[in-house]
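Working from the sequences, and respecting the hints, build out all of it.
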Amino acid sequence: MTHVDHTALLTLFDRELREGARPDGPGVRVERTGGVVRQVATAQGWNGVLWSALDEAAVDAAIAEQIAHYTRLGLDFEWKLYGHDRPADLGQRLLAAGFRPESEETLMIGEVATLSLDAEPPEGVRVVPVTDPRGVDLVAHVHEKAFGADSAWLRDQLLARLSDDPDTVVAVVAMAGDEPVSAARMELVPGTRFAGLWGGGTVEGWRGRGIYRTLVAHRAHAAAARGYRYLQVDASSQSRPILERLGFTPLTTTTPYVYTP
1 MTHVDHTALL
11 TLFDRELREG
21 ARPDGPGVRV
31 ERTGGVVRQV
41 ATAQGWNGVL
51 WSALDEAAVD
61 AAIAEQIAHY
71 TRLGLDFEWK
81 LYGHDRPADL
91 GQRLLAAGFR
101 PESEETLMIG
111 EVATLSLDAE
121 PPEGVRVVPV
131 TDPRGVDLVA
141 HVHEKAFGAD
151 SAWLRDQLLA
161 RLSDDPDTVV
171 AVVAMAGDEP
181 VSAARMELVP
191 GTRFAGLWGG
201 GTVEGWRGRG
211 IYRTLVAHRA
221 HAAAARGYRY
231 LQVDASSQSR
241 PILERLGFTP
251 LTTTTPYVYT
261 P
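Residues in the sequence shown are numbered from 1 upward in steps of one, following the numbering used here.
Think of the hints as simulated: they come from the structure by calculation, not from any bench.
Keep in mind that this is a model prediction, so the values were computed, not measured.
Yeah, the Cβ is synthetic: ideal placement off N, Cα and C, and Gly gets one too.
It cannot be assumed that every hint is accurate.
Per label pair, the in silico range of CB-to-CB distance [what the hints assert, rightly or not]: (1) Arg126 <-> Ala61: 49 to 59 Å; (2) Arg100 <-> Leu73: 12 to 22 Å; (3) Glu244 <-> Gly205: 22 to 32 Å; (4) Glu204 <-> Asp60: 39 to 49 Å; (5) Ala61 <-> Gly205: 16 to 26 Å.
Here it is, written out as structure tokens:
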């Protein structure tokens, strides 16, 4: 991908998914105020700043306003900071305001038509679409085992999306017999050219067998069938090499800065 393509694609990503963000589920709203685009959901959903256009004179007041807004609502929230965001010291300003940074990831984007999508699951493993509460429970179970994290929010969010807005989500689980060993989801953003890959996780003991790659390929085929051109991933250091081999391009970094009132 050329430098011009790289810049143009990042601009398109910002315009469609950040500045032009849409609510990511039922009962969620996106607000645009004072050079900031933010999402407000329930405590079980994702709350935070998606995009900002702030200069050095306005940034500290904007940060303080977001803190006051979410504190009034009684919600933890995240300022999703990208490596190309301005001002250049925005991360330091968030730290000074009391935010806590989490692990840096890499924003990677792949054009579906150019990706290597011939991956097949290993012998004895099958990929099953998730369409009902039982399937959601399997996804949540994998999430807890793979990441060691509570999955109540994921269960609630996925159930709501499948019930109220099923055309905006694709979820899959990899089964070895009756055992769920890997799971992932894809969030489709109507009116944009992007689908996002999220939550890809494999339980210990089943890693390194190509299951993650298989679930990426499965979701990519589903995105292509629905007319989406690009796949977007916030990639960890473990998944980035796999995605690069499939044809994804790293564009910038992304770091969640979390604030707890």
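Hints versus structure:
1. Arg126 <-> Ala61: 49 to 59 Å: 54 Å, holds
2. Arg100 <-> Leu73: 12 to 22 Å: Since the Cβ atoms of Arg100 and Leu73 sit about 19 Å apart, the hinted range of 12 to 22 Å holds.
3. Glu244 <-> Gly205: 22 to 32 Å: 25 Å, holds
4. Glu204 <-> Asp60: 39 to 49 Å: 44 Å, holds
5. Ala61 <-> Gly205: 16 to 26 Å: 51 Å, violated
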